[in-house]
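First to last, the protein sequences are chains A and B. Per UniProt numbering, the first sequence starts with residue 1, numbered consecutively. Per UniProt numbering, the second sequence starts with residue 1, numbered consecutively.
Heads up, a few of these hints could be off.
Within a straight-line C-alpha distance of at most 25 angstroms, the following computed SDA-like cross-link-like pairs (lysine to any residue) qualify [as the list claims (entries may be wrong)]:
hint : chain 1 : residue 1 : chain 2 : residue 2
1    : A       : Lys199    : B       : Gln100
2    : A       : Lys153    : B       : Thr75
3    : B       : Lys156    : A       : Asn90
4    : A       : Lys242    : B       : Lys138
5    : B       : Lys57     : A       : Lys199
6    : A       : Lys264    : B       : Lys298
7    : B       : Lys298    : A       : Glu240
8    : A       : Lys122    : B       : Ile5
9    : A       : Lys140    : B       : Thr75
10   : B       : Lys138    : A       : Lys246
11   : A       : Lys285    : B       : Glu19
12   : B       : Lys58     : A       : Asn90
13   : A       : Lys6      : A       : Arg47
14   : B       : Lys20     : B       : Leu45
15   : B       : Lys138    : A       : Glu240
16   : B       : Lys57     : B       : Glu19
17   : A       : Lys78     : B       : Leu167
18   : A       : Lys222    : A       : Leu197
19   : A       : Lys285    : B       : Glu134
20   : B       : Lys120    : A       : Gly154
21   : B       : Lys156    : A       : Gly154
No lab work stands behind these hints: they were computed from the structure.
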Amino acid sequence: MDSSGKEREAVQLMAEAEKRVKSSHSFLRGLFGGNSKVEEACEMYTRAANLFKIAKNWNAAGNAFCQAAKLHMQLQSKHDAAIGFVDAGNAYKKADPQEAMNCLNAAIDIYTDLGRFTIAAKHHITIAEIYETELVDIEKAIAHYEQAADYYKGEESNSSANRCLLKVAAYAAQLEQYQKAIEIYEQVGTNTMDNPLLKYSAKEYFFKAALCHFIVDELNAKLALEKYEEMFPAFTDSRECKLVKKLLEAHEDQNCEAYTEAVKEFDSISRLDQWLTTMLLRIKKSLQADGDGDLK
Amino acid sequence: MNADICIHAWPCSYYLDTEKRWVSGRLSLTPVAVRFTADKTRELLVSFHLSSISEIKKESSSLIFSSLTILEKTTKHWFSSLQPNRNVVFNILEHFWREQLLSCPGAGAQADSLQMTKGKELTGLLAASQKRMEDTTKVLHYQGEQFDNIMKGLNKIDSEMDVADRLLTELESPSWWPFRGKLWKGPLEAKPKEEATISGSKNQEGVIIKIPVIITHGTNSNVMPGKFTLLVSGLEISDSNSQVIHRFELKDVDDIKVHTPYEVSIRQRFIGKPDTSYRLLSARMPEAIPVLEMQFSKKIQFLEDALGFFGARKSPQADLGNSIWQAATGRIASVVQPGSSSGEGGGGQAQLQKQKQIVSESETQELKQVCWASSQRPPGLSLFPLDWTGVDGKYKHSAEFRGKEEAVEGAYLDFTNALRLCSLHTSDLIEPLSCSCGRFPIPFHRDRLRPDLQDQTLH
């Protein structure tokens with residue numbers, strides 16, 4: 001097969017590159033043009049990595065990129081090293097998520113060293129996504145999203161920062177860390193409501209914040225809702241606000257049917273997404289539990 | 001409705017996280033719960049209530065096997081090799097999950113309530129299109145920000161090209177040439193900003209600001225007190241006896257790093273010899289930084305600490321711009337005014353023209369206009385006698401300022417800043433203004449002012 005031929009070629013290149021690196025370590029070589037040897041080895045590793053990529057041997061490709069990156073570090077070319085680590089990370093991502101994260105972390109370290117925080121933040125997001133999908137560790141994913149948001153904020157990229165923060169908030173709410181979620185939604189909501197372009201989505205954030213309040217305590221939700229209405233008058237007219245009001249009313253009367261009816265009506269116009277379904281279900285569950293308690 | 005009745009069952013495999021292996025078995029769904037039983041051992045591996053599900057997702061494990069993941073609180077369950085088809089299972093599971101929320105336990109099937117009226121359908125359409133619009137605006141905003149970042153990057157590249165250019169010209173000129181790249185440069189440069197001739201700039205004193213500083217030279221750890229003078233033509237560092245230690249011409253400065261709001265370092269790069277760099281620490285540095293930022297907009301770099309500080313002090317970015325521009329305009333205006341008046345006496349006007357590096361009258365006007373435009377003044381602005389002290393006590397403005405345009409401009413900016421922070425003499429206005437919403441200045445139209453104040457409008 002074609003790809004196996006490529007792989008063999010790649011393995012040969014790797015061996016060759018290793019030899020170059022070793023020879024550059026000898027004393028005389030070190031004096032005369034040792035660096036050029038290392039440079040050659042670097043190039044060979046990269047070529048080998050690309051061949052591995054064609055053969056879809058992701059582990060080997062990642063390893064080769066990683067070697068090249070380390071040599072670049074030796075040669076003091078930090079940018080190239082960082083790019084190498086990112087390539088390695090991308091290759092590893094398909095086979096060995098843990099290793100991919102190590103590579104990406106190395107790249108992040110270099111980028112933060114160079115003061116290129118936007119790129120570092122981007123890779124933090126990549127890591128967070130790996131945590132999200134491959135290794136299910138939501139807590140760590142949140143930590144990385146937060147880091148990314150911090151970097152973006154430092155660089156005044158508020159839109160990107162908000163994106164990360166919203167992710168954090170959604171996960172925090174799922175993990176029942178409602179206070180954190182509320183803070184983020186309120187903050188993002190207040191930031192966006194003054195923006196002529198983004199003010200249309202502000203109601204969504206306030207809606208979500210109100211729901212989080214609701215799960216914790218309905219009185220808080222009422223107060224929060226009033227606050228949001230004062231802050232952002234357009235929120236009053238939105239369907240979201242009306243829904244929350246109806247839900248609060250139903251909750252006050254312990255009327256599970258009214259609650260369901262309100263949710264159903266909302267759902268018939270715009271389908272609830274999974275996050276909202278989860279949150280509304282949680283409220284409903286508490287409502288049902290309360291109702292049962294009263295009956296007994 | 002029997003809660004234990006099995007609605008549907010699918011053969012599939014489940015990932016055991018503790019043993020890191022897949023077990024084959026059956027996934028079964030009852031009206032209220034999801035269960036998984038292993039084929040071999042017949043033991044119940046997974047069982048949870050439908051309402052505790054927080055997310056159902058179609059994913060692929062290791063990018064090869066299509067699988068279904070169910071997030072239950074914090075644990076994620078992986079189901080794979082679903083038969084007959086992953087999508088079928090997904091749809092059914094999601095349907096029953098949503099029904100948990102949408103159906104009432106007491107009431108029976110209410111087919112009639114599901115009937116869609118025309119109006120409802122229309123609302124639905126509207127809601128959907130609105131949602132799309134929201135998504136679009138978000139993406140648009142994001143892309144706009146990307147463009148901004150690109151511009152910033154380009155600016156930075158530009159400034160670094162400037163440095164490279166200077167170093168190259170320096171290399172090009174023969175080593176015995178006494179002027180080292182200074183005379184070569186003049187005719188070559190296209191940009192008027194760079195067309196600096198050195199002669200005569202010594203005696204041209206356009207001092208913008210002079211502050212006492214503590215100086216550290218290069219990597220030397222010695223500190224000594226001194227003075228830092230910002231001139232229109234450059235920067236001057238002198239020791240405590242007013243002896244000039246070093247003078248940077250405008251174009252000689254390669255980069256300025258703002259470490260903290262009180263500490264900056266200024267550097268000039270050289271090929272083949274160590275860089276000249278000074279690190280300056282001063283309590284009054286915050287006054288100088290806006291001017292530096294204006295003079296060296298491309299070369300100035302805020303390090304993390306400083307950024308954090310500035311960010312905390314003025315969270316909306318527009319404000320940062322406003323106050324810096326405003327401070328800088330005031331300074332430059334005050335420098336040029338005396339400069340030009342004294343210049344008229346000694347034929348300095350011509351000299352001023354020749355020295356394009358020095359900010360000329362027309363340039364000041366232009367700068368002021370730019371500053372003014374950037375402060376987003378609403379049209380129809382008018383002024384009224386105000387007597388207040390800015391919250392930080394820094395700015396004191398009163399009605400005396402009327403008539404002096406630049407002062408009035410400054411006052412307006414300060415006013416909008418202050419308005420946000422404290423309540424003012426709003427009795428001067430006909431309508432009391434609420435300043436809680438919006439970070440943009442509230443327009444004061446003539447007709448919103450007391451009639452006796454309307455003659456004091458600006459335009």
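Tested hints:
Of the supplied pair hints, the one linking Lys199 (chain A) and Gln100 (chain B) is violated, its CA atoms being roughly 33 angstroms apart against a limit of 25 angstroms. This hinted pair does not check out: Lys153 (chain A) and Thr75 (chain B) have alpha carbons roughly 31 angstroms apart, beyond 25 angstroms. The hinted pair formed by Lys156 (chain B) and Asn90 (chain A) fails the criterion: a straight-line CA distance of about 29 angstroms is larger than 25 angstroms. Simply put, Lys242 (chain A) and Lys138 (chain B) have alpha-carbon atoms about 24 angstroms apart, close enough for the 25 angstroms limit, and the pair holds.
About 30 angstroms separates the Cα atoms of Lys57 (chain B) and Lys199 (chain A), which puts this hinted pair outside 25 angstroms; it is violated. A hinted pair counts as satisfied when its Cα atoms are at most 25 angstroms apart, and Lys264 (chain A) with Lys298 (chain B) does not qualify at roughly 56 angstroms. With a C-alpha separation of about 46 angstroms, the suggested pairing of Lys298 (chain B) with Glu240 (chain A) is violated against the 25 angstroms cut-off. Using a Cα cut-off of 25 angstroms, the hinted pair Lys122 (chain A) and Ile5 (chain B) is violated, with the two alpha carbons roughly 48 angstroms apart.
Distance hint between Lys140 (chain A) and Thr75 (chain B) is fulfilled; the C-alpha atoms sit about 14 angstroms from each other, no more than 25 angstroms. Distance restraint check for Lys138 (chain B) and Lys246 (chain A): the Cα-Cα separation of roughly 29 angstroms exceeds the 25 angstroms cut-off, and the hinted pair is therefore not satisfied. This hinted pair does not check out: Lys285 (chain A) and Glu19 (chain B) have alpha carbons roughly 33 angstroms apart, beyond 25 angstroms. For the hint linking Lys58 (chain B) to Asn90 (chain A), the alpha-carbon distance of about 22 angstroms falls within 25 angstroms, and the restraint holds.
Under the criterion of a C-alpha separation no larger than 25 angstroms, the hint pairing Lys6 (chain A) with Arg47 (chain A) is consistent with the structure, at around 11 angstroms. A distance of roughly 14 angstroms separates the Cα atoms of Lys20 (chain B) and Leu45 (chain B); the hinted pair therefore holds under the 25 angstroms criterion. At roughly 19 angstroms between alpha-carbon atoms, Lys138 (chain B) and Glu240 (chain A) fall within 25 angstroms of each other, so this suggested pair holds. The suggested pairing of Lys57 (chain B) with Glu19 (chain B) holds, with an alpha-carbon distance near 23 angstroms, which does not exceed 25 angstroms.
Distance hint between Lys78 (chain A) and Leu167 (chain B) is fulfilled; the C-alpha atoms sit about 23 angstroms from each other, no more than 25 angstroms. Taking the CA atoms of Lys222 (chain A) and Leu197 (chain A), the gap is about 28 angstroms. The hint is violated against a cut of 25 angstroms. Taken as a hint, the Lys285 (chain A) and Glu134 (chain B) pair is broken in the structure, with Cα atoms around 31 angstroms apart against an allowance of 25 angstroms. Proximity of Lys120 (chain B) to Gly154 (chain A) is assessed by CA-CA distance (about 45 angstroms); at most 25 angstroms being required, the pair is judged violated.
For the suggested pair Lys156 (chain B) and Gly154 (chain A), the alpha carbons sit about 17 angstroms apart, so the restraint of at most 25 angstroms is met.
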